[in-house]
Every structure is written in C-alpha cells, then in structure tokens.
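*Asks:* Sequence:
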Amino acid sequence: MGRAPCCDKIGLKKGPWTPEEDEILVNYINNNSGHGSWRSLPKLAGLLRCGKSCRLRWTNYLRPDIKRGPFTLHEEKLVIQLHGILGNRWAAISSQLSGRTDNEIKNLWNTHLKKRLIRMGFDPQTHLPMVYSCYQVGKSHASSVSTHHMAQWESARLEAEARQSKDSSFFNNDPNVSDYFLRIWNSQVGESFRCVRKPDDITSPISHGSSSNISDSMSATTIELANNVKEDLKWSNSDSESANDLENSSDTALQFLLDFPINNDMSFLQESSFTCPP
DNA sequence: AAGGCTAGCAACCGCCTCGTC
DNA sequence: AGACGAGGCGGTTGCTAGCCT
3 MGRAPCCDKI
13 GLKKGPWTPE
23 EDEILVNYIN
33 NNSGHGSWRS
43 LPKLAGLLRC
53 GKSCRLRWTN
63 YLRPDIKRGP
73 FTLHEEKLVI
83 QLHGILGNRW
93 AAISSQLSGR
103 TDNEIKNLWN
113 THLKKRLIRM
123 GFDPQTHLPM
133 VYSCYQVGKS
143 HASSVSTHHM
153 AQWESARLEA
163 EARQSKDSSF
173 FNNDPNVSDY
183 FLRIWNSQVG
193 ESFRCVRKPD
203 DITSPISHGS
213 SSNISDSMSA
223 TTIELANNVK
233 EDLKWSNSDS
243 ESANDLENSS
253 DTALQFLLDF
263 PINNDMSFLQ
273 ESSFTCPP
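Take any residue in the first sequence, count from 1 to its spot, add 2: that is its number in the numbering used here.
Everything labelled a hint here was simulated from the structure, so no lab data went into it. Positions of the beta carbon are idealized from the N, C-alpha and C atoms, including for glycine. Mixed in with the good hints there might be a few duds.
As the list claims (entries may be wrong) - Cross-link-like lysine to aspartate or glutamate pairs, in silico, EDC-like; alpha carbons within 20 Å at most:
{"no.": "1", "residue 1": "79", "residue 2": "104"}
{"no.": "2", "residue 1": "108", "residue 2": "125"}
{"no.": "3", "residue 1": "45", "residue 2": "22"}
{"no.": "4", "residue 1": "45", "residue 2": "25"}
{"no.": "5", "residue 1": "116", "residue 2": "104"}
{"no.": "6", "residue 1": "108", "residue 2": "78"}
{"no.": "7", "residue 1": "45", "residue 2": "24"}
As the list claims (entries may be wrong) - Across the chosen pairs, the derived CB separations fall in these ranges:
{"no.": "8", "residue 1": "67", "residue 2": "113", "range": "19 to 29 Å"}
{"no.": "9", "residue 1": "46", "residue 2": "121", "range": "46 to 56 Å"}
{"no.": "10", "residue 1": "108", "residue 2": "36", "range": "22 to 32 Å"}
Go ahead and model the full structure; you've got the sequences and the hints to work with.
*Replies:* Laid out in structure tokens, this is it:
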C-alpha cells in the first residue's frame with residue numbers, strides 16, 4: 003500500500019509557474035491577510051496547483067521579504083560557518099540570513115560551496131581535512147556526521163561560555179554581546195539545540211530519550227566528545243606518520259569552525275587561491 | 001551554426017514532526 | 001494513546017541558459 007498523495011493530483015498543473023499564476027497567488031494572499039490553509043488555498047484562489055506547490059512558490063520566490071541576487075562574500079562565509087555547526091539543516095541556516103530561503107542556500111551549497119571545500123581538501127560534511135575525515139570512519143568510536151556536528155556545536159558553545167565568563171557576562175541577551183557565537187546560540191538556531199536539553203539545567207549533560215533525530219543521534223558520550231574534540235584530534239594524529247602536518251591542518255579546520263568570529267579572512271575560499279593538499 | 005556538455009536554479013517528492021481530535 | 005491531517009524540511013530531479021568544441 004502506497005502512501006496517500008498529499009493532494010488529488012488529477013488535473014493539477016506541474017512545472018514552472020507562469021506570471022499569471024504568480025499574480026493570482028500574490029493577490030489572494032494579500033487580499034486575505036495571509037495564505038490560510040495551504041491545502042484549500044488553490045481552490046479558493048482558483049489555481050490548478052496543489053497546496054504544497056503554492057506554499058513552495060510563495061516561500062521561495064514570491065514572499066515580499068525575499069532578497070534576490072547573488073550571495074555576498076559575507077553571506078557565503080556565514081553559510082559555511084553555520085553549515086559547519088548545523089550540517090544540512092538549511093532552514094536553520096536560512097533563518098540567520100535575512101531574505102535568503104532554505105532552497106536558495108541549499109542550491110548555493112550544492113553548486114558552489116561544497117565543490118570549493120572539496121577542492122580545498124576539506125570534507126564538506128564534517129568540514130575537516132579529508133585525511134582526518136577518512137580516518138574517523140575507521141575509528142571504533144567514530145561518531146555519525148550529525149553527532150559530529152553536535153559535538154562541534156557543543157564544543158563551540160563551551161568555548162564561547164569560557165570566553166564570556168572572563169567578561170562576567172554569561173548568557174546575557176544583550177544584542178551588543180561581544181561573542182558572536184553566543185549571539186547565534188541565543189537565536190533561533192541555538193533554540194533548536196537547546197530544546198534537547200533540560201531548560202533549567204544548563205550545565206547538565208545533554209538529555210536523552212527525545213524522539214527527534216537530533217537527540218537520537220546523541221549518544222551518552224556526546225558531551226564528552228564535545229569536550230574532547232581537540233584531544234581526540236591529537237590522539238588520532240599521534241598514530242599518523244605525518245602527525246605534525248595533520249595536526250596543523252586539523253587545528254586549522256577547528257580554528258575555522260570554532261573561532262570564526264576571530265578569523266575573518268575568506269581569501270582561501272576564493273577560486274584563484276585554491277591549493278589542494280598533497 | 002549546430003550539437004554536446006555543464007552549471008545553476010526552480011520545483012517536485014517523500015519523509016518527518018507537530019497539532020488536533 | 002493513537003490515528004490523522006497539515007505544514008515543514010531536505011534530497012533529488014529536470015529544465016534552461018551559457019559555454020565549448
């Protein structure tokens with residue numbers, strides 16, 4: 003038994019939207035102070051489209067607050083940094099780039115940024131040098147990609163907390179807070195991670211048992227993993243014949259992931275300056 | 001000029017989560 | 001508690017424009 007279709011597809015139009023269809027959709031939403039139920043919208047608006055298609059067209063193209071045009075260097079940098087923390091969670095990433103849709107960012111990543119990282123010798127999933135990334139697969143306690151991102155996220159948070167504690171401004175919501183990471187942590191992106199922790203127990207290990215994919219991917223050792231990412235790297239590098247080189251490149255990757263507010267130099271991502279590691 | 005190839009992007013598909021009953 | 005529907009999300013597909021031979 004197959005899954006029931008989201009809508010009756012008989013007689014519905016597919017493919018690119020025409021300007022007339024766009025106009026009908028925009029007018030309907032404007033005249034009704036919102037889209038209401040997406041499922042019933044096509045019939046009410048007089049469109050031969052399914053509700054999903056209407057929603058997608060609106061959110062990805064017709065919404066008035068959408069920013070068109072090429073991505074700026076700053077936006078590309080932000081996408082890479084956030085991807086390093088969040089992985090392929092495009093919606094969460096797009097929430098940090100005003101006017102950019104998840105679809106747009108996903109396309110940017112798949113067509114540009116992923117290839118650049120690969121050419122630079124970085125694994126686009128883990129953001130670590132390819133050599134280290136391959137090594138991780140073979141390790142007995144190798145974590146899943148999502149767990150790895152969680153570990154990086156947690157590690158970055160802990161480091162940010164440490165930085166903030168020096169200024170005695172722990173976890174404040176001041177928009178002028180100096181630490182860039184904590185601003186993200188206090189934003190919608192951080193919210194998706196905080197939700198898997200007990201809200202009244204900031205310092206406790208990450209809670210278990212939630213039904214979400216995120217929490218499913220988090221083993222009991224996740225927090226330890228997060229606290230020991232650097233030590234883990236050094237441990238793995240100690241087995242390598244080119245330990246020094248590997249350690250340096252791994253530290254560079256970590257620096258890129260964890261200290262991105264400090265190092266604003268994106269020149270290494272420019273097409274002309276690629277140098278693949280041997 | 002024409003055909004093939006590739007990159008970029010819009011749109012679709014199916015799964016997942018959440019809210020409601 | 002579980003079934004169901006709606007919306008959201010990420011992966012994938014397919015069309016098109018531009019480039020190359």
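*Asks:* Checking each numbered hint in turn, tell me which of them this model violates, lowest number first.
*Replies:* none
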